[in-house]
Amino acid sequence: MSVFSIIVTFAFTGNIVFIQFLGWCPLVRPPKKMPILIGSACAIAFVMTCSSFVAQVVGRYLLVGPVLSTFRIMFFVLLVTGFLYATERIVRRFWPALRLALGASVPAVGANCALLGTVFLVLKNDFTPAEGALAGFSAGVGFFLALLIMSVIKERLDRENVPRALRGAPLAFITAGLVSLVFVALDAALLSHLFG
Amino acid sequence: MLKDFTKGLIRRNPVFIVLVGLCPALAVTVQFANALVLGACVLGALLFMSLFVSLLRNFIPANFRVPAVLLMLTALATAADQLLKALAPALSARLGIYVPLIAVNCLILGRAGTFAFAHAPGRSVLDALGMGTGFTLALGLIALVREMVGSGTITLLPISAADPSAGVVAVPGLSEVPVAVIAGPVGAFLTIGFLMGLFNALRAAREKAKAARAASPEAGEGKGRAEAEGEPEA
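Going down the list, the protein sequences come from chains L and V. Residue numbering for the first sequence follows my numbering, beginning at 1 and increasing consecutively. Residue numbering for the second sequence follows my numbering, beginning at 1001 and increasing consecutively.
Honestly, the hints are just simulated from the structure, not real lab data. A few of these clues could be false.
[As the list claims (entries may be wrong)] Over the 10 Å line for every Cβ pair with chain V, so calculated as not near, a few chain L residues:
1) F4
2) F12
3) P31
4) L62
5) T87
6) I90
7) W95
8) L178
9) L181
[What the hints assert, rightly or not] Okay, the calculated bits of chain L under chain V, using three or more residues with CB under 8 Å as the criterion:
10) 16 to 29
11) 115 to 128
As the structure is a prediction and not an experimental result, all values here were calculated from the model. We put the beta carbon where it would ideally sit given N, CA and C, even for glycine.
Build out the structure end to end from the sequences listed, making use of the hints.
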């Protein structure tokens, strides 16, 4: 795959949030403050990039064959959790407010399905480690986009008069459904038509 | 005791009320059979997880709870993945990354972390059975709506790789003109959003009936019961 098509696939046409349905725990209640949102998205993109790179190396060259490949899931969970823990330690030092935002959902983030899902999705392709890192980063960009879109729309919707039963999570999902139409429309054929 | 089981079905339904395990609920509900199989995998993993955690709860130091739970669950997820690959390779390919993702399923981690660490094995297993069944029912409901509207069919078990049309029931009137968009991501989000809204409305109605009954014990009793019977979900 070319660099351009990797970015487009993992950030838009295969967006982990709107197309692959991953990472919904933080998205039902997205962070309200913009710096916190950008900070947490950067932290997640960083973890995705690093873990996709390492997973690509290990999954392609080390954990192969019928016996060793059984240990893939365990290794990837440890890898993702390890990177997340390290990132959290760094962030704790330099930006305590962000740690609160990340730490509020420690079990959710500590085992964030978006991170592990990205690793699996990247590994399904036959990438070199560098391409894997790029794909992980693109997935992080896609996650940032989703977080931004959902947060901004939710802020506006909170001021509207919504039927009581649909307030909160139901409305978040209905919104997501309409947004995902955009990501479905941005399919590979359209983009290759536009950009050649 | 029995409440540990029944609360997971409707009142504390993991998907619609507690809002956990949403990723698989969105992703594998294109076909009814897929949803049931993934629901069964999660139910099995949750059952073993709750049993092991509640048996070992006095031996795991508080600092090691998170790593212990993660490692146990990855082992169970690997087992589920390998079993499904061996027994039903076609289904395993269709469920894709969502079977390995049981390793970080927030429903299982949540139940193991909160309930099983605090209760005896008997109650933990009942809780796991109830929550797992509630999860499977929720997935089945979403998939039923999505497949009937989106493809006009209902895919039942067992699916054989040789004859894909076996076990597929066509819904008259819908199979000729299916609303294909409901089978895509859009339909996943809209279906789950509106079903959640329905569950919220039912819960609000039931609480209102309960409050009315509590306010006027003689007059409210008959009315409250009638309302409760009127709800198909209750």
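Enumerate the violated hints, using their earlier numbering and listing them in ascending order. Failing hints, ascending: 8 and 9.
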